[in-house]
Amino acid sequence: MVKEYQRKEYSEEVEALIQEKNEWMSMLEQELWWNDQYDRLSVDILRSPQLPGKNEQQLIDKKYSELLAQPIPHQSFGAQRRYYQSMALLNQLKGNSEAVLHYFQASVALWNQYPKTKVDGFFNYMGDMANYLYAVSRNPQHFHKLPALLQELRNQTPPNVQAEQLLFERSIIYELVFLLNQQQTSITEPLMRIEAGLKKYDLLPSSELSILFNTILLLFLSDRFTDCLKWMKKLWQVQKQAPNLRLDIQDGSRIIFLLAVYKTAVFEDIENGLRTIQRYFAKRKESPLRPVHAAVNTAIQQLQSASSKKEELQTLAALNDQIALLAHPVSAGIDEVILLWIQSLLQSKTITELRRADS
19 MVKEYQRKEY
29 SEEVEALIQE
39 KNEWMSMLEQ
49 ELWWNDQYDR
59 LSVDILRSPQ
69 LPGKNEQQLI
79 DKKYSELLAQ
89 PIPHQSFGAQ
99 RRYYQSMALL
109 NQLKGNSEAV
119 LHYFQASVAL
129 WNQYPKTKVD
139 GFFNYMGDMA
149 NYLYAVSRNP
159 QHFHKLPALL
169 QELRNQTPPN
179 VQAEQLLFER
189 SIIYELVFLL
199 NQQQTSITEP
209 LMRIEAGLKK
219 YDLLPSSELS
229 ILFNTILLLF
239 LSDRFTDCLK
249 WMKKLWQVQK
259 QAPNLRLDIQ
269 DGSRIIFLLA
279 VYKTAVFEDI
289 ENGLRTIQRY
299 FAKRKESPLR
309 PVHAAVNTAI
319 QQLQSASSKK
329 EELQTLAALN
339 DQIALLAHPV
349 SAGIDEVILL
359 WIQSLLQSKT
369 ITELRRADS
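Counting from 1 along the sequence shown, just add 18 to a position and that's the residue number in my numbering.
It should be emphasised that the hints constitute simulated quantities derived from the structure, not laboratory data.
Computed from a prediction, not measured in an experiment: that's the story for all the values here.
Don't take every hint at face value.
Unchecked claim - Cut-off 25 Å, straight-line C-alpha distance, at most; resulting in silico cross-link-like pairs (BS3-like, lysine-lysine):
{"id": "1", "residue 1": "K81", "residue 2": "K112"}
{"id": "2", "residue 1": "K327", "residue 2": "K367"}
{"id": "3", "residue 1": "K217", "residue 2": "K163"}
{"id": "4", "residue 1": "K251", "residue 2": "K303"}
{"id": "5", "residue 1": "K251", "residue 2": "K217"}
{"id": "6", "residue 1": "K252", "residue 2": "K301"}
{"id": "7", "residue 1": "K248", "residue 2": "K258"}
{"id": "8", "residue 1": "K163", "residue 2": "K136"}
{"id": "9", "residue 1": "K218", "residue 2": "K248"}
{"id": "10", "residue 1": "K258", "residue 2": "K303"}
{"id": "11", "residue 1": "K367", "residue 2": "K328"}
{"id": "12", "residue 1": "K248", "residue 2": "K217"}
{"id": "13", "residue 1": "K301", "residue 2": "K251"}
{"id": "14", "residue 1": "K248", "residue 2": "K367"}
{"id": "15", "residue 1": "K251", "residue 2": "K218"}
{"id": "16", "residue 1": "K248", "residue 2": "K301"}
Unchecked claim - Cβ pair distances, simulated, as ranges:
{"id": "17", "residue 1": "A166", "residue 2": "S224", "range": "25 to 33 Å"}
{"id": "18", "residue 1": "E371", "residue 2": "A214", "range": "25 to 33 Å"}
{"id": "19", "residue 1": "N290", "residue 2": "A214", "range": "29 to 37 Å"}
{"id": "20", "residue 1": "T244", "residue 2": "R308", "range": "22 to 30 Å"}
{"id": "21", "residue 1": "R308", "residue 2": "L357", "range": "16 to 24 Å"}
{"id": "22", "residue 1": "A117", "residue 2": "N142", "range": "16 to 24 Å"}
C-beta: ideal position from N, C-alpha, C; glycine also.
Construct the complete structure from the given sequences, taking the supplied hints into account.
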């Protein structure tokens with residue numbers, strides 16, 4: 019054993035191991051440092067929801083001057099990922115949306131360079147991808163990239179059922195965001211994906227409500243009012259399981275129901291719908307949409323009893339003025355939906371035609 023210790027080669031091996039240990043410790047220390055910066059920035063983001071002025075931006079740069087002076091830490095995947103995330107948050111704090119998008123894109127690109135790490139850390143990858151999708155969806159100059167990014171996301175191979183469910187949830191949410199803001203010739207394929215996914219996965223009620231509400235909104239804006247009412251039943255079924263969850267969606271869905279059922283032009287359904295929604299809002303005394311419901315309810319009753327086209331036009335014009343004067347923002351963007359509905363009746367055009375004219 020003593021002879022073994024005396025070998026020159028053994029001494030070199032020991033030094034090499036020590037050197038390797040030091041390198042690993044250095045990388046770990048670097049990664050932990052970037053974790054700290056990310057945590058600090060996350061706290062500042064939560065504390066500062068408003069965009070900063072010039073003086074505030076200078077204070078932010080001063081506070082994070084050490085971070086800004088650091089080069090990209092290429093030695094460690096974890097440190098490099100936190101670097102991109104931290105720079106994204108720092109620029110979000112400063113209100114620089116273009117830089118936010120750039121750094122979230124870089125974090126996603128980093129994962130693609132490490133396919134095995136992506137599989138092992140799939141949930142973290144999905145978190146970075148969701149941040150990137152959110153940044154793209156909020157940036158008008160890059161909004162057109164969403165379909166390609168969503169297809170890239172769908173092409174991933176989740177390592178388990180839980181990851182597969184998360185992928186479905188994230189991809190569908192942003193696909194709906196895209197479809198609601200862009201004119202498409204067909205929404206059939208996305209609807210099939212949504213229906214299949216909702217049947218297959220056991221989503222949290224909050225996620226399911228959000229997906230269902232946006233699907234209902236998409237159907238309404240696509241003039242598919244009968245389908246809109248069918249999907250409304252699915253949403254209300256979920257709401258029975260969570261009566262106090264997402265009350266904004268619960269309220270907004272009732273307003274859309276009234277607008278959609280009127281578009282079907284079935285007198286009995288309209289009358290029943292008016293009574294059903296009247297009972298709902300009678301119980302929702304704290305709802306911010308109560309005055310909106312009152313205005314829409316009154317207008318539909320007047321439209322039902324109008325004896326001339328002139329009376330109908332006067333009723334719609336009066337409702338248009340009422341909705342236009344509402345305090346903003348209106349929950350779930352319901353005011354914009356109502357105004358489109360009014361204009362479609364006033365101009366005898368489909369909602370799709372009106373939206374295409376504005377795009």
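Checked hints:
1. K81 <-> K112: 12 Å, holds
2. K327 <-> K367: 16 Å, holds
3. K217 <-> K163: Between K217 and K163 the Cα gap is close to 29 Å, so the pair fails against 25 Å, i.e. violated.
4. K251 <-> K303: 23 Å, holds
5. K251 <-> K217: Holds, at roughly 15 Å.
6. K252 <-> K301: Judged against 25 Å, a Cα distance of about 21 Å means the pair holds.
7. K248 <-> K258: Roughly 16 Å separates the two Cα atoms, so the pair holds.
8. K163 <-> K136: 22 Å, holds
9. K218 <-> K248: Satisfied, since the Cα-Cα distance of roughly 19 Å is no more than 25 Å.
10. K258 <-> K303: Cα-Cα ~19 Å, so holds.
11. K367 <-> K328: 18 Å, holds
12. K248 <-> K217: 15 Å, holds
13. K301 <-> K251: 20 Å, holds
14. K248 <-> K367: 23 Å, holds
15. K251 <-> K218: Satisfied, since the Cα-Cα distance of roughly 18 Å is no more than 25 Å.
16. K248 <-> K301: With Cα atoms ~24 Å apart, K248 and K301 stay inside 25 Å; holds.
17. A166 <-> S224: 25 to 33 Å: 28 Å, holds
18. E371 <-> A214: 25 to 33 Å: 30 Å, holds
19. N290 <-> A214: 29 to 37 Å: Holds: the Cβ-Cβ distance is about 31 Å, inside 29 to 37 Å.
20. T244 <-> R308: 22 to 30 Å: 27 Å, holds
21. R308 <-> L357: 16 to 24 Å: 19 Å, holds
22. A117 <-> N142: 16 to 24 Å: Holds: the Cβ-Cβ distance is about 22 Å, inside 16 to 24 Å.
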